[in-house]
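**Student:** Add 5 to the 1-based position in the sequence shown for our numbering, that's all there is to it.
Label-pair distances were calculated between CB atoms; the ranges are:
{"no.": "1", "residue 1": "A44", "residue 2": "M104", "range": "39 to 49 Å"}
{"no.": "2", "residue 1": "G83", "residue 2": "S50", "range": "15 to 25 Å"}
{"no.": "3", "residue 1": "G60", "residue 2": "V96", "range": "23 to 33 Å"}
If you're looking for bench data, these hints aren't it; they were derived computationally from the structure. Note that the Cβ used here is the ideal one computed from N, Cα and C, for glycine as well.
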Amino acid sequence: MKKTLFTIAAGLALVVSSQMAAAQSQNCAPRDMVVKRLAEKYGESRQSIGMGQQGMVMETFASNETGSWTITVTTPNGMTCLVASGQSYEVLAEALPVMDKDA
6 MKKTLFTIAA
16 GLALVVSSQM
26 AAAQSQNCAP
36 RDMVVKRLAE
46 KYGESRQSIG
56 MGQQGMVMET
66 FASNETGSWT
76 ITVTTPNGMT
86 CLVASGQSYE
96 VLAEALPVMD
106 KDA
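With the hints as extra help, turn the sequences into a complete structure.
**Tutor:** Take a look at the structure:
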């Protein structure tokens, strides 16, 4: 399921990348500050990472204890913006669906 979660998060990052210029004035800071804040305030650590368009890096942070999660996108210049956050994070390991071999 990590691949599925990664795919969903990466897709979200691609959609948001077009809005990054406007968002940089809101909920954005240098990456080291964002990572430190997520760890100290929410107990979140990085759970997944992926590359988006134009050198953007999407990361999912989550807390195994509280279930809180945050998706961030970092631009090539090192600015990290919060894209989404929520509760009830869990890691899943689902098998791929069976492929129809007749198709």
